[in-house]
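Here are the chains, one letter per residue:
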Amino acid sequence: MNYWVVLSISACYLGILSFVAYYADKRAKAGKTWLNNPYVYGLSLAVYCTAWTYYGSVGKAVTDGLSFLTIYLGPVISMPLWWLLMRRIIRISNALRLTTLADFIATRFGKSLTLSVLVTLLSVLGVVPYISIQLKAINSSLSVIAHENSGYLMNNSAFLVTFLLAGFILIFTFRTVDSTQKHHGLVAAIALESLVKLVAFLLVGSFITFFLYDGFVDIFQKVKPEQLLKYESIDGSGWTVMLFLSMSAVLFLPRQFHVIVSENTNPNHLKTVMWLFPAYLLAINLFVIPVAIGGENVLSGMVDPDMYLLALPLHVGETTLALMTYLGGFSAATGMIIVSTIALSMMVSNNLVIPLIIKNYDSNKINQEKALIIRRVSVMVILMLSFLYFKFVADRFSLVYIGLISFAAVAQFTPTVMAALFWKDVTKRGAIWSLLAGFTVWFYTLVIPSCIEVGLLPESWLTEGPLGMVWLKPEALLGMQVADPIVHGTFWALFFNMLFMVIGTLITSQTGKERNMADFYSGSYQYASDFDDQLVWRGHMIHQDLIRVLQNILGNEKTKYEVGSFSKKFGRPIEQEGEVSPQFVSHAERLLTGAIGASSARLLIASISKEEEIELSEVLAILKENQEITRLNHQLSAKSLELRKQTKALEQANARLMNLDEEKDEFISTVTHEMRTPLTSIRSISEILFDNPDLTMDEREHFLGTVVKETERMTRLINQVLDLEKLESGKTTLRLEEMSLSEVIETCSYNFKGLMNERQIRLKKVLLTKDLEIMADRDRLAQVMTNLFSNAVKYSPVGGELEVGVKSIADELVIWVKDYGKGIDQDSIQRIFDKFYQGRDQTRKKTKGTGLGLSITKRIIHMHGGEIWVDSKVGLGTTFYFSLPVKPVHQVQVSEIDDI
Amino acid sequence: MTYKVLIVDDEPNILLSLEFLMKKKGFDIFVARDGREAMEIVKKNIPDLIILDIMMPEVDGYEVCQRIRSDGEVSHMKIVFLSAKVMKDDVKKGYEMGADLYITKPFSTRKLMKQVDELLN
Chain F
1 MNYWVVLSIS
11 ACYLGILSFV
21 AYYADKRAKA
31 GKTWLNNPYV
41 YGLSLAVYCT
51 AWTYYGSVGK
61 AVTDGLSFLT
71 IYLGPVISMP
81 LWWLLMRRII
91 RISNALRLTT
101 LADFIATRFG
111 KSLTLSVLVT
121 LLSVLGVVPY
131 ISIQLKAINS
141 SLSVIAHENS
151 GYLMNNSAFL
161 VTFLLAGFIL
171 IFTFRTVDST
181 QKHHGLVAAI
191 ALESLVKLVA
201 FLLVGSFITF
211 FLYDGFVDIF
221 QKVKPEQLLK
231 YESIDGSGWT
241 VMLFLSMSAV
251 LFLPRQFHVI
261 VSENTNPNHL
271 KTVMWLFPAY
281 LLAINLFVIP
291 VAIGGENVLS
301 GMVDPDMYLL
311 ALPLHVGETT
321 LALMTYLGGF
331 SAATGMIIVS
341 TIALSMMVSN
351 NLVIPLIIKN
361 YDSNKINQEK
371 ALIIRRVSVM
381 VILMLSFLYF
391 KFVADRFSLV
401 YIGLISFAAV
411 AQFTPTVMAA
421 LFWKDVTKRG
431 AIWSLLAGFT
441 VWFYTLVIPS
451 CIEVGLLPES
461 WLTEGPLGMV
471 WLKPEALLGM
481 QVADPIVHGT
491 FWALFFNMLF
501 MVIGTLITSQ
511 TGKERNMADF
521 YSGSYQYASD
531 FDDQLVWRGH
541 MIHQDLIRVL
551 QNILGNEKTK
561 YEVGSFSKKF
571 GRPIEQEGEV
581 SPQFVSHAER
591 LLTGAIGASS
601 ARLLIASISK
611 EEEIELSEVL
621 AILKENQEIT
631 RLNHQLSAKS
641 LELRKQTKAL
651 EQANARLMNL
661 DEEKDEFIST
671 VTHEMRTPLT
681 SIRSISEILF
691 DNPDLTMDER
701 EHFLGTVVKE
711 TERMTRLINQ
721 VLDLEKLESG
731 KTTLRLEEMS
741 LSEVIETCSY
751 NFKGLMNERQ
761 IRLKKVLLTK
771 DLEIMADRDR
781 LAQVMTNLFS
791 NAVKYSPVGG
801 ELEVGVKSIA
811 DELVIWVKDY
821 GKGIDQDSIQ
831 RIFDKFYQGR
841 DQTRKKTKGT
851 GLGLSITKRI
861 IHMHGGEIWV
871 DSKVGLGTTF
881 YFSLPVKPVH
891 QVQVSEIDDI
Chain E
1001 MTYKVLIVDD
1011 EPNILLSLEF
1021 LMKKKGFDIF
1031 VARDGREAME
1041 IVKKNIPDLI
1051 ILDIMMPEVD
1061 GYEVCQRIRS
1071 DGEVSHMKIV
1081 FLSAKVMKDD
1091 VKKGYEMGAD
1101 LYITKPFSTR
1111 KLMKQVDELL
1121 N
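Sequences listed follow chains F and E, in order. Residue numbers for the first sequence follow the numbering used here, so the first one is 1 and each next one is one higher. Residue numbers for the second sequence follow the numbering used here, so the first one is 1001 and each next one is one higher.
No lab work stands behind these hints: they were computed from the structure. Heads up, a few of these hints could be off.
Heads up, incomplete: computed chain F residues facing chain E, CB under 10 Å, no partners named [unchecked claim]:
| id | residue |
| --- | --- |
| 1 | 607 |
| 2 | 674 |
| 3 | 676 |
| 4 | 685 |
Listing some non-contacts, in silico: residues in chain E with all C-beta distances to chain F over 10 Å [stated by the list, open to error]:
| id | residue |
| --- | --- |
| 5 | 1004 |
| 6 | 1018 |
| 7 | 1020 |
| 8 | 1024 |
| 9 | 1071 |
| 10 | 1073 |
| 11 | 1106 |
| 12 | 1108 |
| 13 | 1110 |
| 14 | 1119 |
| 15 | 1120 |
Label-pair restraints from in silico Cβ distances [as the list claims (entries may be wrong)]:
| id | chain 1 | residue 1 | chain 2 | residue 2 | range |
| --- | --- | --- | --- | --- | --- |
| 16 | F | 647 | E | 1072 | 52 to 62 Å |
| 17 | E | 1108 | F | 718 | 50 to 60 Å |
| 18 | E | 1012 | F | 801 | 26 to 36 Å |
Every residue, glycine too, gets a C-beta built ideally from N, C-alpha and C.
All chains should be built: construct the whole structure from the sequences, respecting the hints.
Here is the structure:
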């Protein structure tokens, strides 16, 4: 394919990327940022998969078998840790406005300038080669796909790409000095790149697997024997080290730290990442082995295995597919370059150049514009360094080897970060020593050998050791023989790293500020709101000085806004003159940290104030006080919770009382209402008798008889109301005595004999037990039986049957009274024991009796410790059951409340 | 002409006295024990006046009143509520339903008869 066509397509691709970034920025300005979408965030993390993944995995599979997988297994295994680890790092960074790994480490150790510079230099040292291999990948893929030589430019296409990428970065980042500002457009573009490379890889992978071969089974059957051997062997120690390296890399590579931490808008997005990211890694590795096998079968010896993915479709004449493959690789490489460069340039400017300028020159030299210029120049310098490395060194090594050396470098940060978070006592000296030791050994065991290989150092170093010292052989330190130099180097570097951290920590002690930060990092406080109180500062600072510095770095408008929002938060205006409060100093320092990094901010604040060193003991005292306050707060909130509970209980009791009260009101209104009916008859009939002296004797008798009956009805009602009131208020006690149940039944049936004969009702007794002795109140039990009998007789049809029975169940006697009347419908059964059992819906049905009989009955049964229930079918009849304990508990008092 | 009066109540003893009073006046009397029965008589006999209890099984007095008022053929008839519901709100509701008169129980027979007379003439 023509070189110019490919190059223009690449440029077009960058154009589309720019458009997406531009559009996403525009949306963000309108408040609809894509960054709030956890999927966009998750995809942007796939910047982890670089050209090394894209092309290099196949190459690594060809040379070393399955070990390419370790690079992806590490992150997947470490995923559960993220929730613990990364969420904490994100919260701390958000709270303190930290934007780079250098900031993160330096801040923990008292904003140490040394650490800040050290971490930055080491990151550049570790990552520049890594960027350069992306350039190499672009360059190689270009030369594979466009093999006709187009002269000078063709040989320098990497330079051209570098140049284009520099333009892209400068346009879409660093528009304001505030580094905490999210790069909405950039992240959207990176997420898109992640999609492009995944889709491209899957496309070409399935093409090779399903079109060149007949699926996975076919391709695995056609693997060359010597290849198969490689897939079948796994080197344990190698895998362990690789897994560790990749776990560290996915978290602490500058570009990873940048997308995970600096571009995070919500720590909860990690939940999505925890499945999305592993799924992505699985998908992008799905076709690595098929491509490796296919490539080895067809192109072995003709093409660098790193380029099989691209060369295979070309080999079979699928140029369009090849072009897509190329674009996938291009996106993998550019994504990595862009994010790495941004992350590194932020470090270089904020953690290296700006603090050094402030320290060595006048602090007024730094302002907003200059900070931005420094950052932009850093971008160019980093890209230029990468290009130079590519030009002069990278060509001599495989993608994977350089990538792994980078990984080993970044892994040196892991012990420091872990200690920062989980080891409260680690000191600044310990951190500095660990990093220095780790990187020295890393350099000696992994970088020196490559320098020897390209002829910068004598070959004899490798074979006999430097100056003949055998124990110092870079690839066999202290005589250790390991086949894989990466494993060897990583082991020793980490060993010395941790050893020196422990030694440094043991022989030095923390300053007050360090201790303060150590507590903060280890999560002793809440990260969120009140850290201005938690970070201890003491000294003298003039208000105007601080404002001047803020305006210098943040600009007038932003300063005004921040001062305003701070005074709003603390509920008082900021002092216009004189001394500044420690809280505001701490707040201002965080604002400056967000813009120009932790150490720079520290130096700036120090330059305008007379600070007093605070003793460790003092810091501890202050913090203890704060913790005491926190503890008291907890107690207070526990107390108020208790109070709330009690209030709720009171409210419930009140509601219950109100309910009772309502019931009482309703009861009274129903009773008076029930009284009105007989009263009405009595009055109207009396008036008739009074006004009509000419009534016949019969009429007169009838009327007077009615008056008497109605008077009796009123008396009954009054008696029952009083009776129920006595029972409910607990004023009545039962007079329990041993008695025979059959006696009560006999008496009752005798009393009703007349009425039953009148209506030709037969009585059937069913006594299923002989043991009818029971402890009960004779009169009350008779009342119950009478009530049930009278109901049953009342509802029995003329000529019907009435059944009364007893049976013994466990230690209870169950008595029933059954009629074959019209039955009760379901609705009424629910409320049949209620007083005036349609009391709540007074416009409906009237009871024939007083409507209190069953309520009284139920009450009496309950007082005996028994239960009453009813079974009825409309049209078939009704049965009332009640139970009585054979040996009742002494006196069952039923309080009113229980019944609600 | 003789007026037709319908008395609706589920208390037999109240019916007893009302029946006596109305008969003495010489009205044509119809008696119903509940709302459903009342509606049948209303439709069949179209009485001039109805004395209506409110709390009855099946169809209550309010509903009877509403049905009468919304039926063009019988809506003109005089309706007297005679109820044990004596609260202000009850009385108000009765009038809102379209009653011509609301008398509370227990009632004065003389006053009731006088008011019935006034309503009919």
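Verification of the supplied hints:
no. : hint                       : in the structure
1   : 607                        : 82 Å, violated
2   : 674                        : 8 Å, holds
3   : 676                        : 4 Å, holds
4   : 685                        : 5 Å, holds
5   : 1004                       : 22 Å, holds
6   : 1018                       : 7 Å, violated
7   : 1020                       : 6 Å, violated
8   : 1024                       : 8 Å, violated
9   : 1071                       : 21 Å, holds
10  : 1073                       : 26 Å, holds
11  : 1106                       : 4 Å, violated
12  : 1108                       : 7 Å, violated
13  : 1110                       : 7 Å, violated
14  : 1119                       : 19 Å, holds
15  : 1120                       : 20 Å, holds
16  : F:647 - E:1072: 52 to 62 Å : 59 Å, holds
17  : E:1108 - F:718: 50 to 60 Å : 24 Å, violated
18  : E:1012 - F:801: 26 to 36 Å : 28 Å, holds
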